[in-house]
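Using the sequences provided together with the hints, build the complete structure.
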Amino acid sequence: MSHHRLSSATEGLNAAQREAVLALDGPCLVLAGAGSGKTRVITRKIVYLVRECGFDPRRVLAVTFTNKAAREMLTRAGRGLHAGQAKGLTIGTFHSLGLRLLREEAVHAGLKPAFSVLDAGDALAIVQDLLATTERQRLRRVQQTISLWKNALVSPQEALAQAADPDALEAARVYARYAGTLAAYQAVDFDDLISVSARLLEKNPEVRARWQDRVHYLLVDEYQDTNLCQYRMLKALTGVREQFTAVGDDDQAIYAWRGATVDNLMQLTRDYPDLKLIKLEQNYRSVERILAAANRLIGHNAQVFGKTLWSDLGAGEPIAVTPMDNEQAEAESIAVQLSAARFDRRAEWRDFAVLYRGNHQARVLEQALRNLQIPYVVSGGQSFFDRTEVRDVLSWLRLLANPDDDPAFIRAITTPRRGIGQSTLQALGQIAAREGLSLCRAVLLPEAAAQLAPRQYQSTLGFVQFLADLRRRAGVPVADALPQAALDWHGDAAAVRAAQTPAALLDELLAEMAYEAWLFDTLDEGPARRRWENVLELMAWLKRKAVEGRMDLLALVQHVALVSMLERSEDDDPDAVRLSTLHAAKGLEFPHVFLVGVEEGMLPHRGADDGDAEDGDAARLRIEEERRLMYVGITRARRSLSLSWCRRRRRAREEVVCEPSRFIQEMGLQAQRDACRDEAPSGISPRERLNRLKSLLGGSPV
DNA sequence: CAGCTATTCGTTTTT
DNA sequence: CGAATAGCTG
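Take 0 as the starting number for the first sequence in numbering that gives the first Met the number 0 and just add one per residue.
Wrong hints could be hidden among the right ones.
To be verified - 25 angstroms max Cα-Cα, derived DSS-like pairs, lysine-lysine: (1) Lys86 <-> Lys544; (2) Lys86 <-> Lys67; (3) Lys67 <-> Lys542.
To be verified - Pair by pair, the computed Cβ-Cβ distance ranges are: (4) Gln669 <-> Asp24: 43 to 53 angstroms; (5) Gln421 <-> Ala339: 48 to 58 angstroms; (6) Gly313 <-> Ala339: 16 to 26 angstroms; (7) Pro573 <-> Gln457: 44 to 54 angstroms; (8) Thr133 <-> Arg99: 29 to 39 angstroms; (9) Val376 <-> Gln266: 29 to 39 angstroms; (10) Asp24 <-> Asp128: 48 to 58 angstroms; (11) Asp128 <-> Leu159: 11 to 21 angstroms; (12) Arg137 <-> Gly313: 47 to 57 angstroms; (13) Asp506 <-> Gln450: 33 to 43 angstroms; (14) Ala452 <-> Arg139: 30 to 40 angstroms; (15) Arg362 <-> Arg139: 20 to 30 angstroms.
Everything labelled a hint here was simulated from the structure, so no lab data went into it.
The C-beta atom is built at its ideal place from N, Cα and C for all residues, glycine as well.
Below you can see the structure in the form of structure tokens.
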């Protein structure tokens, strides 16, 4: 399989795949079962459009849900194109597309171009503030409600109008004030990236025309996971041209909780009567036993578009279903099985994945794998850019780009501590509120000098001036910068040297932060070092980006706001076992998969089947989503699949007795309650067992 | 104001 | 059991 160049974009495709690639005259929906080659169809279609149909690569847009998917798509499409063509392609996530649109059209959305993007933590803090509570349940509910409203394109006014119960009314009120707060900060949150873009495209013909001209062909991946405003955005982008291909699988819809609706699949058939519907049913991934189990499982869901997956990869070995005593034993057993299987199957670590429902389940597994010195990578945890230390540094950068970003201001001025605390910020907040200004601007008012304690005032002013100075030297346009008064402090000696290199400015910023010293001061040696490493990694990444993109500091900072949450730090694919949530595993495949915690209450997650006293319909839908999640999990496996469940598990404080998941039965498998096949002889620890195994094979003990 | 200790809580799933 | 938070003390 070397770099043999495709003679045609449809080379080696099956009939359905080829049909999907060639379908060009009008909208096209590809229902692609798990492992049926949907990425292949999309990438080949991109190649086909550019190479054989003469599309300008810059006018071909492909949208995915994750950056990983976007990267892979770009790589694979790139293989069939010249470097120059591939470079022109626009392939990205919904969120990055929305951000890009908003940056360019900011003024039409009532935003300044340097608006900030709030991270989830900042957004939560605002809601917390507005609600004046720390009750997590209520906070989460309200935030979730607001998010769903945004994703359904419901405005605060509409939400207020249709609020039926007191809870909804409260949420709607918070929603309205929340929106106001964001506007004052010149900031948007995650959901806004898409919802504001969608509204803008629908409302503003000029903007719409501009972007429709940039999208002559649109491809959408994981279409079953789109929500209303994503759909509307796509619809606005394709316009009357109606040239698009949507690829999806209703059986893999697992984001209903985020506002996604499989109904979008049906909606497509209603909105586009000419829609060409193509089913991909041959699976190229899994052996027949695994596929049979998957088919049987998903057969318990109400089917929208019936599909029957088949493969010709042979029967394969039986699916193992193993009861365990508790999650500890489960993790240890899996670690041992991994070591054994690596020898037995002459496989690499990267051939294995351990999948689970919730992030917290990774902990025990990590420990067990570390004990046996098995290399692993965890995916689906919190991203690099969500780490405290990274957010700390980024808050300074955000503030550099947007002085009105109050959350960034608060974080930056209090981290590291510089003598500013609650009371100072409160006083400053009052001035800011009275004058209708951001905190940063309020500092420069005479009232601030009068009302703040001298010490605090000096410290605050110094901070603001440092940033103003840096901003000026970074070449930020005056219109966006602070009033001239802020600049007089440093005189103009440094001003002459226009736009210093971003790298130098970044170093200066980090030095001024004195972050390293603060880390080692505040924390123990170990954690401090880890965090500092991350900061250095971030800086290296920033500098690399600056050079690659030939950006000045402001451009860089704005770019960071874009990528920060969307682009993940690059793992260079080490040979390691993959630990992943089921959600994060979608789109991936592994020769050998372990699926752990297959219990009632875990895999159909508890709360999925009853909730409160609501009618059974909502509950049924939630169970169906859990079933699809299970389906996604087992269809990741190519050759072997091993399920395990715990008889008891410690939940919160106490240990609870667990039942095997109903899904095991539904797949036509047996969930033996008693110890079964291949258990370790009693009295022998997993480690001891591994050592015996290794000595048998001539390895060294651990 | 800042850091420490004691006390709560308790998590789906992600951009 | 572990982490995040509130309250207390220097």
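Cross-check of the supplied hints:
1. Of the pairs offered as hints, the one joining Lys86 and Lys544 holds, with about 16 angstroms between alpha carbons and a cut-off of 25 angstroms not exceeded.
2. Of the pairs offered as hints, the one joining Lys86 and Lys67 holds, with about 17 angstroms between alpha carbons and a cut-off of 25 angstroms not exceeded.
3. Restraint check for Lys67 and Lys542: satisfied, since their Cα atoms lie roughly 22 angstroms apart, inside the 25 angstroms limit.
4. Look at Gln669 against Asp24: about 51 angstroms separates their beta carbons, and that is inside 43 to 53 angstroms.
5. Hint check: Gln421 to Ala339, Cβ distance near 56 angstroms, so the stated range 48 to 58 angstroms holds.
6. With their beta carbons about 23 angstroms apart, Gly313 and Ala339 fall inside the hinted range of 16 to 26 angstroms.
7. For the pair Pro573 and Gln457, the supplied restraint of 44 to 54 angstroms holds, since their beta-carbon distance comes to about 49 angstroms.
8. The hinted range of 29 to 39 angstroms is satisfied by Thr133 and Arg99, whose Cβ atoms lie roughly 36 angstroms apart.
9. Checked against the hint of 29 to 39 angstroms, the pair Val376 and Gln266 passes, with Cβ atoms roughly 38 angstroms apart.
10. Range check, Asp24 to Asp128: Cβ separation about 53 angstroms, and the 48 to 58 angstroms hint holds.
11. Roughly 20 angstroms separates the CB atoms of Asp128 and Leu159, a value that falls within the hinted 11 to 21 angstroms.
12. For the hinted restraint 47 to 57 angstroms between Arg137 and Gly313, the CB-CB distance of approximately 54 angstroms keeps it satisfied.
13. In this structure, Asp506 and Gln450 meet the distance hint of 33 to 43 angstroms, their C-beta atoms being roughly 35 angstroms apart.
14. The hinted range of 30 to 40 angstroms is satisfied by Ala452 and Arg139, whose Cβ atoms lie roughly 37 angstroms apart.
15. At about 22 angstroms, the beta-carbon gap between Arg362 and Arg139 stays in the expected band of 20 to 30 angstroms.
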